[in-house]
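Working from the sequences, and respecting the hints, build out all of it.
Protein chains in written order, with our numbering: chain G, 138 to 243; chain X, 74 to 452; chain W, 48 to 516.
Since the hints were made in silico from the structure, they are not lab data. Note that this is a predicted model, so its numbers are computed, not measured. Positions of the beta carbon are idealized from the N, C-alpha and C atoms, including for glycine.
Think about it this way: if two alpha-carbon atoms lie no more than 27 angstroms apart in a straight line, the pair counts; the simulated BS3-like pairs of lysine-lysine are:
1. K355/X <-> K200/X
2. K366/X <-> K147/W
3. K147/W <-> K355/X
4. K203/X <-> K352/X
5. K275/W <-> K422/W
6. K423/X <-> K143/X
7. K352/X <-> K147/W
8. K252/X <-> K340/X
9. K352/X <-> K366/X
10. K250/X <-> K391/X
11. K252/X <-> K239/X
12. K203/X <-> K355/X
13. K147/W <-> K345/W
14. K275/W <-> K230/G
15. K366/X <-> K200/X
16. K345/W <-> K450/W
17. K391/X <-> K101/X
18. K101/X <-> K250/X
19. K340/X <-> K352/X
20. K450/W <-> K252/X
21. K422/W <-> K450/W
22. K252/X <-> K101/X
23. K203/X <-> K366/X
24. K239/X <-> K101/X
25. K239/X <-> K450/W
26. K366/X <-> K230/G
27. K250/X <-> K239/X
28. K422/W <-> K239/X
29. K423/X <-> K239/X
30. K450/W <-> K250/X
31. K252/X <-> K391/X
32. K345/W <-> K340/X
33. K450/W <-> K340/X
Over the 10 angstroms line for every Cβ pair with chain X, so calculated as not near, a few chain W residues:
34. N254
35. L272
36. R297
37. A361
38. T486
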Amino acid sequence: MARERMGGLRTAGVGRGPPVSVFVDGREVQAFEVDTVLAALWASGDHAVHTTARMREPRGYFCGIGVCFDCLVTIDDTVNVRACLEPVRRGMKINRQQDAGYTRAR
Amino acid sequence: MRTADVCIVGGGLIGTATAYYAARAGLKVVLVEERELASGTSGVAFGGVSLAIYSYASARVPSSYVELSKTSLSLYERAQQEIGSPLDLDAPGSIDPFYNEEDSARGLERARGLQACGVPVEFIDYKQIKEIEPAVAPIAIKAIYCPVDAHVTPMGVVWAFTKAAKQMGAEFLTYTKAKRLISHGDRVTGVVTTAGEVAADTVVCASGSGIPALAAGVGVEVPLDLARGQMFVTERIPPLLRTYVHNIKQTPSGTIVFGTTREPGVKDTTVTSVEGTHKMLKWASSLVPALAKVKLLRSWAGLRLLPPDGYPIIGRPKGVDGLLLAVLHRGVTLAPAVGKILTDLMTEGKTPHDISPYRLERFAPGAVGAEAQETFYGT
Amino acid sequence: MRADIVVVGAGPAGMSAAITAAEAGASVIVLDEYARPGGQYFKRAAQGLTVPPERLTREHTPGEVLRDRLRHPNITVLSNALVWGRFDDRVMVAHEGRSKSVYGGALVIATGAYDRPVAFPGWTLPGVMTAGGAQTLAKTQWVKPGQRMLLAGAGPFLLPVALSLLRADVTIAALVEATRPFEWLPHLGALWGQWPRFSEAWEYKTNLRRAGVPTIYGHKIVRALGDKQVEGAIIARVDRDWRMMPRTERTIEVDAIAIGYGFLANIELASSSGCELRFDESARTWFVNCTPALATSKSGIFVAGEVTGIGGSALALEEGCIAGLSAAEFVGKLAPRTADERRRQPMARRAYLERFASALNMLFGPRPGLWEFLKGDMMVCRCEEVTAGDVETCLAGGATTTKSIKDWTRAGMGLCEGRICRSMIGELLARERGIDLATIPFPSVRPPIKPVPFSTLLHDDSQTESVAS
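Below, the structure is given as structure tokens:
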């Protein structure tokens, strides 16, 4: 499904307050102060928020309430942050991580 | 009623290693384990396979102990080739850091002693530590570096030996408690278990903290002190540590495992403590500052098994036939060697390895509790 | 920090317990993991979002009322506060980058529940989420999980989720319900007299009808399609056991899928504190065992809400009341006689509501077919990427317990600490060994209950240990 159809994921008519700029993989993305990192990513069409360590599969958003640890991103230098709970900050550096681990042969 | 050449009591590192070597030597093996394999000390150990550790209090290096460690490491290498996963032996070398001048001085003595025994160690300063392990902070002023040291995941080893032993015909009975030894005169002839009797030419007691009670049933006193240790593991992080540092390492999956507290006489392994957590985290993060941002994932506790002088108890107790004992601290390092030695004793009645320092009779009766917890360095 | 009563969780049960206890004269500290009180049921739009009133749903106002009552002078609420362990007499909480000790005379655990994870082909694709997750994104951030979604599962929770999605302008291609209406008939007896629930359901169904959302009964999702994210879904007819019937597959084009198959309770804190658990056959999962006054097997620890059994918000509110009274009694703020009197009504209402909840659990609880995909390549442990086949291998190698499966495969050793995979590992184990799920104990839990950064744990003013050598 083309990214164009992904557009417009923010419900219209909801007052979102001041906008804020964050960086996703170095790219400037416009979000809102009230957004969680996940909401900012999701609304911009990026649904694969990280790739797994072993099988290198894309993962997105699963439980939404901070239980499953599936929506992991790297924020500034910290790995494995749950995007669904983390509020955005002005200038935040969000990176869609390649999950750490299993780099040594088993 | 089962019959076997050997009945092994205890499904941890020692028991399963013995099962492997015994089955390999063609013996009919029955192993009984009270709960799940590796449910005791073996399941909670750090996993270092080190040539550079020995009894600290003595500050001398008993060469037989070093030989035992060397033999064990090469047996691990062979087992890795023969069995493979989940044994997962990794040999990136080890760093044993010292934080003050007093410990450093003792460390230097130990390094010299180890070198005299042919163990390839170097006594290094912080500058050299940083070259090998950039993540380590300068609170480590000196260290013993052993480039051939290895580590494993202890339960992986247990499962690997189990898998291989089973393939060679060994029988494993879990959730089967050894209630008492069966003896006729001064000969042990089997074990009464919750799954019936097992008659065997030899019974091997490898059940860790359960050994004293079992051996007492045939009049053998085994002095063993127990000290709780709390250990910790983090989330998976990008590569941070190359070697393993005593006692903190990065596992093949990328987690950081570290520990351990020393709590003599404390036996409750169902809980960990705030104090223990704080102490260990503080130490780990001052040694490896990058850990500050890393998330702690789990804590657990286990029991160190400490014969009074810190050295293993291996072999046949005097005056009792058909019984072999093996209980020791540093079971991870020595398991393959012990398993091989016990198998030698069963198949040939003797072993090429010098185990005279480890006979039970070296302890006077009532030796329990004598400074055991202080004898072993660091852990 | 110290108070008469410590309440963990600020959902309906926790808020109700805190308010009841405070009104009985006790000082209360509420520790809640999320940014605002409300838990799951009363979650609301993030602070700063202005939502037109016509988009709001029925629980908004009661939620606001409760949050307001939580501002009682006897209550201190710590939000973004994660309880990471309980030790002896205190609870340790991670809050504002520090680890704090919280002492209380009594503890009320009201930690709620989360959607039951169910594996099926494609379930790890971005765009497949739980029903609760879909609702959360829509309701708290007003971001659509997808433009056109499939909602699949079993039970009435799908209805309010559907409404939340519709209010956020999501198009719902279909609501797929595994049961068939005629299956509900035998339970009509238990549902009799529960008119408020019926009228609620009726309202939801009317909304769906008006929005043109078809409900497809007797079907379940059997595959999520897509390469990097969801592009479609395949559903199929199921038999009474929810097993897929061959050659009944049908493809629906959607860009997100929400699955709702009931809930699992957050009993980790209670379990690690030593509280006895009980296995519920129809919900097929573990809860905290409790007395009618909601005391647990540990003196001074009480429970309320979904951790005692899945029963919905009305039941959670009553249980919160009961637990608040019992905790207040325990710390001496209420005489036993008074506590008994005041408990009478909520206990009666609880019994009434439990009848309904039990019927729902029996009707919509997991059926064997839900696990039919647990084999071979099916991912079971999402964190550590362990498949059903990996588990089968270690069972064949002699593992017999969840702990040994975990030791061997690492399933359950990831960041979620087994919350997502443990029930499926249990089902696999039960099936392969031919034993009852009830005989497989809930895995033991050690601190931290959820992952906490070193820096937070080190910022603990109660510890004065010097650096170990």
